[in-house]
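Enquirer: So the chains spell out like this:
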Amino acid sequence: MSAIQDVYRIRTQRSSAVRRWVGLGILALIIACLLRWGLLKSVFITASPDDCRAASGACWAVITSQWKLVLFGTYPFAEIWRPSVATAVLLGAFVIPLIRPSLPALACSWAIALVIATGLFDGRLFGLTYVEPHDWGGLPLTLLLSEAAILFSFPIGLAVALARCSGRVMLRSLALVLVESIRGVPLVSLLFFATLVLPLFLSGFSSFDKLYGAATAIVLFNAAYISEVFRGGLLTVPRGQFDAAKSLGLRWTDMNRLIVLPQAFRACAPSLVNQAVGIVKDTSFLAVLGIFDFMNSAKLALIDVRWRGNFIEVYVVVGLTYFLMCTAVSILGQRLSSRLERPAKVDDAITPVALASIVTAGSQS
Amino acid sequence: MSENAPSVASHEIGDVIIEMRNVEKSYGNYKVLRGINLSVSRGERIVICGPSGSGKSTLIRCLNQLEEHQAGEIIIDGTTVHGGLRGIDGIRREIGMVFQSFNLFPHLTVLENCTLAPTRVRGVSKAEAEATARTILERVHIPEQAQKYPIQLSGGQQQRVAIARSLCMSPKIMLFDEPTSALDPEMVSEVLDVMVELAESGMTMLVVTHEMGFASRVADRVIFMDAGEIVEVAHPTQFFNAPQSLRTKKFLGQVLHTQAG
Ligand SMILES: Nc1ncnc2c1ncn2[C@@H]1O[C@H](COP(=O)(O)OP(=O)(O)OP(=O)(O)O)[C@@H](O)[C@H]1O
Ligand SMILES: [Mg+2]
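Chains as they are written, first to last, in my numbering: chain S, 1 to 365; chain A, 1 to 261.
Hint data in this document are derived by calculation from the structure and do not stem from the laboratory. Every residue gets a Cβ at the ideal spot worked out from N, C-alpha and C, and that includes glycine. A few of these clues could be false.
Quick list of in silico lysine-lysine cross-link-like pairs, DSSO-like style, CA-CA up to 30 Å [as the list claims (entries may be wrong)]:
{"no.": "1", "chain 1": "S", "residue 1": "Lys246", "chain 2": "A", "residue 2": "Lys172"}
{"no.": "2", "chain 1": "A", "residue 1": "Lys249", "chain 2": "S", "residue 2": "Lys246"}
{"no.": "3", "chain 1": "S", "residue 1": "Lys246", "chain 2": "A", "residue 2": "Lys148"}
{"no.": "4", "chain 1": "S", "residue 1": "Lys68", "chain 2": "S", "residue 2": "Lys41"}
Here chain S is said to cover these stretches of chain A; the calculated rule only asks that three of the stretch's residues, wherever they fall, bring their Cβ under 8 Å from a Cβ of chain S [what the hints assert, rightly or not]:
{"no.": "5", "region": "124 to 135"}
{"no.": "6", "region": "232 to 246"}
Over 10 Å on every C-beta distance to chain S, these chain A residues come out as not near it, computed from the model [to be verified]:
{"no.": "7", "residue": "Glu24"}
{"no.": "8", "residue": "Thr80"}
{"no.": "9", "residue": "Gln254"}
Put together the whole structure using the sequences plus the hints.
Expert: Okay, structure coming up:
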């Protein structure tokens, strides 16, 4: 190695060291500021907003003093044990498929949990006092809507995708029209359509609350997108797989369930997880209809003029909660799809040693 | 495999199991099959050859209705098959099919590939299906690969698994569509050997192939197709030594030339 190269090497090493220390310094500073604001100088519990004004840090008291509003929205306070139990049930149903990652386990536990949770919210199923959907709200409602929307939109999306790939022209065009007409409209206008226009046609159902209409809109909207994701997955399955399955005499359902779908799922699993995470966030659109989902309920904490200034704290808490929910969905998605991993051919795998030799070979040239 | 290899011992030929009458098939305006007449007896071994695009694949794919024909009649073991036939699954499970590109199920192990259809379609118990599968994997000389995934096998091994998968359904007829065309030359014979053994066992076989050595050794009849028609049907000895039509001669000239080289 020549002297010039030597000097160059030392200089780049030195400058990269400098950059590293500057970077770490900035990061440490940011963390320190956040800690100071969020923990050290913050006020967690107080009844009077004046204490907050005196402190230089965050005022978490805006949440803690109004936790009922933030967590449960407009749900009657005397009954909040019901949405609390519902939340526990919904979370439990979420954890079961994490332990035992299988689609049937997930579908069953979620369906059961949804019935119980809705029954608790509503009350009549368990002989409790009736609480109108109009009064439901808060974090439990967001969880309920998210799980319901995911549970319904995936099978519908799958059915539409299969229809679009089917040999029957009528079925195929019907699915096409459905997908294009739903996908071509913003979610918000679909929400208004489902809650304002649809009830006019369904006047027979006097108890048809806008919450159900809105949930239907979210399900259909996402089902349209999911069907396209599934279709993309179905298109990756080679025609020979269909030939082989048919030639063995497999029935249509078995061919799809055992041969085609597992391969299609594997191809589109990352995009499906994307969609599931999107659904959780889509539920916050219900605020435009005056439904008190978690986001909207949390904002109730700011109605009181004395707390109005603390919107940053409220949005930080809301944001972190959504982040946790979405991360949980994404972990679940990964758990489920990791079972579909393609078996690797032994000599296909790039070992760390091989990778290192490629990299060094590249840098030497 | 040389052409002088001893031919498979003479065997029983029974009643008619496949009957094609004036079968026509077109894609749009393009006629792929132009009035095919063919009758195959139980236990017969038929080799179909012909230039690319002559309709060989289409012909055998019509037999199990992977393609639907538009005119004429196809009768499989007494049942007339046609597009939209409700019981087509029942016919298909009696007809094994081996493809040029193997078409193994990549997400299932070799054993699962072999047991899937027997358990799902025939309602055989898992244990019984596995026992059968292992016996048949032994017959195609790969019992040790049962737990592997298709992608971990060589082409020749994959094609033998594909044959085993079909055999596990104990079909009455086996269709082969250029089973060795996608294989490296050194793997061709291991697949052909399995097919010869299958022929010796008395299976009714329709084989699309250009392996003329295999044809002369195994076939009861060789069928030459061109432009959607059956041009010549003959016993292999006559087919190779005294072809009747000009088109057959020309084709044989090309094929034998390339296979010798
Ligand atoms: N799905 C299809 N749509 C339109 N044309 C098709 C289709 N499948 C096959 N064909 C045409 O039908 C003709 C016969 O095809 P086929 O696959 O039966 O020929 P082949 O004799 O098997 O040829 P090869 O030796 O190349 O496999 C070809 O000209 C082909 O282009
Ligand atoms: Mg072909």
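Enquirer: Now look at each hint and say whether the structure bears it out.
Expert: These are the hints, each one checked on the structure:
At roughly 16 Å between alpha-carbon atoms, Lys246 of chain S and Lys172 of chain A fall within 30 Å of each other, so this suggested pair holds. Distance hint between Lys249 of chain A and Lys246 of chain S is unfulfilled; the C-alpha atoms sit about 37 Å from each other, more than 30 Å. A distance of roughly 23 Å separates the Cα atoms of Lys246 of chain S and Lys148 of chain A; the hinted pair therefore holds under the 30 Å criterion. For the proposed pair Lys68 of chain S and Lys41 of chain S, the alpha carbon gap of about 25 Å is at most 30 Å, so the pair holds.
Coverage of the region 124 to 135 of chain A by chain S is violated in this model, with 0 residues showing a Cβ closer than 8 Å to a Cβ of that chain against a need of three. Residues of the region 232 to 246 of chain A lying with their CB closer than 8 Å to a CB of chain S number 0, which falls below the three-residue condition for coverage. Listed as outside the interface, Glu24 of chain A is consistent with that label: its C-beta sits roughly 21 Å from the nearest C-beta of chain S, beyond the 10 Å cut-off. With a closest Cβ-Cβ approach of about 18 Å to chain S, Thr80 of chain A is found to remain outside the 10 Å limit, as its non-interface label requires.
With 10 Å as the threshold on Cβ separation, the claim that Gln254 of chain A sits away from chain S holds: the shortest Cβ distance comes to roughly 28 Å.
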